[in-house]
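Novice: Put the two chains together into one complex; each comes in its own frame, and the hints tell you how they fit.
Here is what each chain is made of, one letter per residue.
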Amino acid sequence: MSKRNRKKNQNQEVFEDARMQNVLEPIEQDPVWRDIEDREARQGLRVFAVVMALIVTLLIAIVSGIGLALIDLEKKPHDLIQAINGKDIDEAVTAAKEEYEAIYAAAESKITVDIQYDETENNGSADANAEDTPDGDDPAGQEGMVANASEEIAGIGEVINAGTNDIIVYKPSDDTGTRPTTTVINDPDANYPLPFSTVDLSYFDDALFIGDSRMLGFGMYSGLTNATFYAVTSFTIFRYETMPVVQTPTGKVPIFDALPYDQFTKIYIKVGLNELGGSDSSFIKVYDEFVTRLRQMEPRAIIYTHAILPVTAAKSETDHTHSNENINARNEALRQYAEEHKCYYIDIKPVVSLPDGSLMPEMAGDGIHLKAGYMELWKEYLRTHAVIF
Amino acid sequence: MKKGEMNKGNGMKRAVSLGLSLVIAAGLLLAGCGSKKAMNVDEVSGRLLKEITYQDELNAMSLEQAAMFLNLSDISVKSGAIYETSGWTAEEIVVLECETAADADKAKAMLETRVAEQITNYTDYVPEELDKLHAAVIVESGNFAVLSVSNDPDQARSILSEYQ
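Residue numbers (our numbering), protein chains in the order written: chain A, 1 to 389; chain B, 1001 to 1164.
Chain B on its own, in the form it takes in the complex (with noise of 0.2 Å):
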């Protein structure tokens, strides 16, 4: 090989290399921009509660009231927060937090069952509120379980979207 075909090898090699790099460090950079929070219970139902406008007003319970209407029982709960109305409408804020990803599981199940039990409930009660449960926001993230009942579901999925 002559001199001059090895140097052009060198640079070529030497572009490549830079090409890469800038490449990985641009895609680091972008994933640090996107990089998700972690959930926590007390931050994800104070936003719920105050980024949507409700129509009735909603007060914090705790989960021992909620056993009334939840069913608990063989979900390991870490902490959690819920908030309900006075019964006039469907609205309520429940945020768990599991001891394990299959509780979690489990908390999400329970959720979506008492999303059916309300729509029973509210069909002849006040038909006005099924929009509102039919499009009920329900996630399940790692060890967490959220229900989102309320006016503007898309809020409440795009506060829950920014948490892993």
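So here's chain A without its partners, still in its complex pose (with noise of 0.2 Å):
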């Protein structure tokens, strides 16, 4: 750029400089403008002052709330920080809780019980409510004890050794002092085994039936309407925990997930048909694990084990798996665990197979499943091989 640019550009900077000066000026010298500045400095102040107030007031407010609270409540600052911290509501809910469990459980145990006392020089109390430990060899602590009274028992919290020794002992979950912290009850198997009698169908009152399509066939053309049945086609062991069998209010669950606690007697177990194919050791595993189960949630319950239907020697020859042979070799299996586990081994096979041991062909249109009208056949046999204890 040339020097006289350079002036020119220069000369133009301080002649617009001058020329703002000129303006802004005499603006800012305006005592209107001044009188504007003022108030807007005024106005902020005054939006700022209520503003604040507001938040002071608002704190204010929650700190007096809480405080009145704390006085309401009766508790201290100290605990309104643990309260912040959780631990006041932990300590409530768990308390709350415990509360709960202790009234549910009392109220699930409620159980009449025959409590049986000997009469005898041995026995030390007949007092139903003597207060006894099981200890050593006889678990009752009373040798031989025998009662003829009948009594409310609460608070049951524990069974001890059900279905395996002769005494079954509840231990009450918590001790009121006039309960005894032991009871002794009969075991339905103790005096294993006892003979097959003759009942009314009264008996299968608390009879709960368990099993496959064959057994829900029974549930349904029986007529034994005032028993419970849990059965379902292709119902097998080895899925009982998840299969679902049970119908409810809100659909089908397993078995274990709608069995009440001690409501059965008498429990009869029809199941192998559907297992048939796998070894019987494995078959017989997961069936004591599953009488152990049933044992614990019914401890006065027998438990009938009842043999697998045998099926029609047309069907025997076609079905390798569902042969007679295979049925009777599972069948002994179960035999025998029914001898060492005190359950009642049952096999309605004398009324209905022909003597070589196959099912009668005209009982089942398919060779496996008894037709309805042959249920009465099933019933009665069931109704003069029952055990009364």
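These are calculated hints, taken from the structure and not from any lab test.
Backbone N, C-alpha and C fix where the C-beta goes; we use that ideal spot for every residue, glycine too.
Be a bit skeptical, because a hint or two may be false.
[Said to hold, decoys possible] Think about it this way: if two alpha-carbon atoms lie no more than 30 Å apart in a straight line, the pair counts; the simulated DSSO-like pairs of lysine-lysine are:
{"no.": "1", "chain 1": "A", "residue 1": "252", "chain 2": "B", "residue 2": "1106"}
{"no.": "2", "chain 1": "A", "residue 1": "349", "chain 2": "A", "residue 2": "371"}
{"no.": "3", "chain 1": "B", "residue 1": "1106", "chain 2": "B", "residue 2": "1037"}
{"no.": "4", "chain 1": "A", "residue 1": "315", "chain 2": "A", "residue 2": "349"}
{"no.": "5", "chain 1": "A", "residue 1": "379", "chain 2": "A", "residue 2": "252"}
{"no.": "6", "chain 1": "B", "residue 1": "1037", "chain 2": "B", "residue 2": "1108"}
{"no.": "7", "chain 1": "B", "residue 1": "1078", "chain 2": "A", "residue 2": "252"}
{"no.": "8", "chain 1": "B", "residue 1": "1108", "chain 2": "A", "residue 2": "371"}
{"no.": "9", "chain 1": "B", "residue 1": "1037", "chain 2": "B", "residue 2": "1050"}
{"no.": "10", "chain 1": "A", "residue 1": "285", "chain 2": "A", "residue 2": "379"}
{"no.": "11", "chain 1": "A", "residue 1": "371", "chain 2": "A", "residue 2": "315"}
{"no.": "12", "chain 1": "A", "residue 1": "315", "chain 2": "A", "residue 2": "342"}
{"no.": "13", "chain 1": "A", "residue 1": "379", "chain 2": "A", "residue 2": "315"}
{"no.": "14", "chain 1": "B", "residue 1": "1106", "chain 2": "B", "residue 2": "1078"}
{"no.": "15", "chain 1": "B", "residue 1": "1036", "chain 2": "B", "residue 2": "1108"}
{"no.": "16", "chain 1": "A", "residue 1": "371", "chain 2": "B", "residue 2": "1050"}
{"no.": "17", "chain 1": "A", "residue 1": "252", "chain 2": "B", "residue 2": "1108"}
{"no.": "18", "chain 1": "A", "residue 1": "315", "chain 2": "B", "residue 2": "1050"}
[Unchecked claim] A partial selection of chain B residues facing chain A, derived with a Cβ cut-off under 10 Å:
{"no.": "19", "residue": "1053"}
{"no.": "20", "residue": "1065"}
{"no.": "21", "residue": "1068"}
{"no.": "22", "residue": "1086"}
{"no.": "23", "residue": "1152"}
{"no.": "24", "residue": "1155"}
Specialist: Here is the structure:
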């Protein structure tokens, strides 16, 4: 840029500055302009003051509220800190939960039992309320206890040795001082094996039948409407924990999700046909697990190990898995199990089979499933082969 | 308007009136021919039982017994007819007359659940029954809900279509 042009630009800038000054200076000096500035400042101050006042008021209100709440609840600031940390709430929830669990357990455990006390010299007390602790070889603490009273026993918290020893011992979950710490009731398997007897159909009022499609058919057509059936087509004991079997208002659920505590005094289990194809030992292992769990839930129940019904000769010859040979082998395993574990083995073959052991052909359209009209035979056999204890 | 034209007009009106009357009469007649029967538990279940050929023997059972496998707990049922087999096949007939249409809705849903459960049960047990189950006929009509599982779903539908 030439010297002349540079000078020209500089003059231009000076001139512009002066011109702006001439414009701004008067404005700034103008009293009206100054008034406007003050007004805006004042308004800003007012707004700021109002906002601060609101915040302070809110804080005072919160603090007051907390203070009043603490006073009302008779708590201290220390408790508030604890609550904020969650400990107070956790403790309250835990305490409430324990309280409800105790109430629930006490309500659920109420049971009327027959306690038998032996009125012999050796018996120190015939008092049903005696506090005895099981020990040594005599888990009851008193040898040969026999009594004839019935009483309500509440607070049952634990079942020990159900079904395997002569005595079942109940241990209440809490000691109220007026109730016995242990209660002895008759083990249904104490005098195993009891002979079969003939009963009337009311025997099945508190009977539970568990099984597969054949057991379902028995439930549908036997007329035993007073009994309970947990049976479903294709039931297999290998899936007893998860298979939906029992119809409830919310849908079908697995057996142990529906089974109520101590409702049945006899349980008939008929499984094994759908499990043919696997080894007897693996079947018996799961069967034993199943029976053990049943006994824990139903300590007063006799367990009937129901034999697998035979199939017709025609079916046996064409179906190598569900043949009578395999059925007989499985039944033998079940019979041995029953003997070893104080279950009652029951087999209706005498009333449904031919001399060769196969199912009578007119009894099953497919060679396996008993027709409705023959359920009466099955029912009658059970009625005349019942165990009374 | 001339007299001739008036007469023509009147004639037209009469023709139109006659034509309309004939059409209405024909319509009423046709409506009478196509009228559906009122659904009835015994009649419908009886026809489903007799007019379809089943593989297995079907036996009647009570609603109480059926509670083992039908969830009737929250459905008000006025009357019902249920036929089941020995377990060999999945064939069955369920006809329910409910107290209200809302109950019939629930019953239909329950029957659909029943078929789904049976499909699960029979898949490994007797897979040959799956065709019948997949072709199961479930119908809801007014306060009625019906299930038919058989080898002849077309015949079941035909029977049920005669009822309103």
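Novice: All the hints need checking, so say for each whether the structure fits it.
Specialist: Evaluation of the provided hints:
Simply put, residue 252 of chain A and residue 1106 of chain B have alpha-carbon atoms about 16 Å apart, close enough for the 30 Å limit, and the pair holds. Of the supplied pair hints, the one linking residue 349 of chain A and residue 371 of chain A holds, its CA atoms being roughly 15 Å apart against a limit of 30 Å. A hinted pair counts as satisfied when its Cα atoms are at most 30 Å apart, and residue 1106 of chain B with residue 1037 of chain B qualifies at roughly 23 Å. For the hint pairing residue 315 of chain A with residue 349 of chain A, the CA-to-CA distance comes to about 16 Å; that is within 30 Å, so the pair holds.
At most 30 Å may separate the alpha-carbon atoms for a hinted pair to count; residue 379 of chain A and residue 252 of chain A meet this at roughly 26 Å. Proposed proximity of residue 1037 of chain B and residue 1108 of chain B is supported: the alpha carbons are some 20 Å apart, at most 30 Å. Proximity of residue 1078 of chain B to residue 252 of chain A is assessed by CA-CA distance (about 24 Å); at most 30 Å being required, the pair is judged to hold. With a C-alpha separation of about 29 Å, the suggested pairing of residue 1108 of chain B with residue 371 of chain A holds against the 30 Å cut-off.
With a C-alpha separation of about 18 Å, the suggested pairing of residue 1037 of chain B with residue 1050 of chain B holds against the 30 Å cut-off. Between residue 285 of chain A and residue 379 of chain A the CA atoms are separated by roughly 29 Å; this keeps the pair inside 30 Å, and the hint holds. Simply put, residue 371 of chain A and residue 315 of chain A have alpha-carbon atoms about 15 Å apart, close enough for the 30 Å limit, and the pair holds. A C-alpha spacing of about 33 Å is found between residue 315 of chain A and residue 342 of chain A, which places the hinted pair above 30 Å, so the restraint is violated.
Note on residue 379 of chain A and residue 315 of chain A: the hinted pairing holds, with a Cα-Cα distance of about 24 Å set against a maximum of 30 Å. Annotation: proposed proximity of residue 1106 of chain B to residue 1078 of chain B holds, straight-line Cα distance about 14 Å (limit 30 Å). Pair hint residue 1036 of chain B plus residue 1108 of chain B holds up; C-alpha atoms about 21 Å apart against a cutoff of 30 Å. Distance hint between residue 371 of chain A and residue 1050 of chain B is fulfilled; the C-alpha atoms sit about 19 Å from each other, no more than 30 Å.
Distance check on the hinted pair: residue 252 of chain A and residue 1108 of chain B sit about 17 Å apart at the alpha-carbon level, within 30 Å; holds. Distance check on the hinted pair: residue 315 of chain A and residue 1050 of chain B sit about 29 Å apart at the alpha-carbon level, within 30 Å; holds. Restraint check, residue 1053 of chain B versus chain A: the minimum CB separation of about 14 Å is more than 10 Å; hint violated. Annotation: interface hint on residue 1065 of chain B holds; nearest CB of chain A at approximately 6 Å, less than 10 Å.
Interface restraint check: residue 1068 of chain B against chain A, minimum CB-CB distance 6 Å, threshold 10 Å, status holds. Look at residue 1086 of chain B: its Cβ gets to within about 4 Å of chain A, closer than 10 Å, so that hint holds up. Because the closest C-beta pair between residue 1152 of chain B and chain A is about 18 Å apart, greater than 10 Å, the hint is violated. At its closest, the beta carbon of residue 1155 of chain B sits 21 Å from a beta carbon of chain A; the interface hint therefore is violated under the 10 Å criterion.
Of the hints listed earlier, those the structure fails to meet are numbers 12, 19, 23, 24, in rising order.
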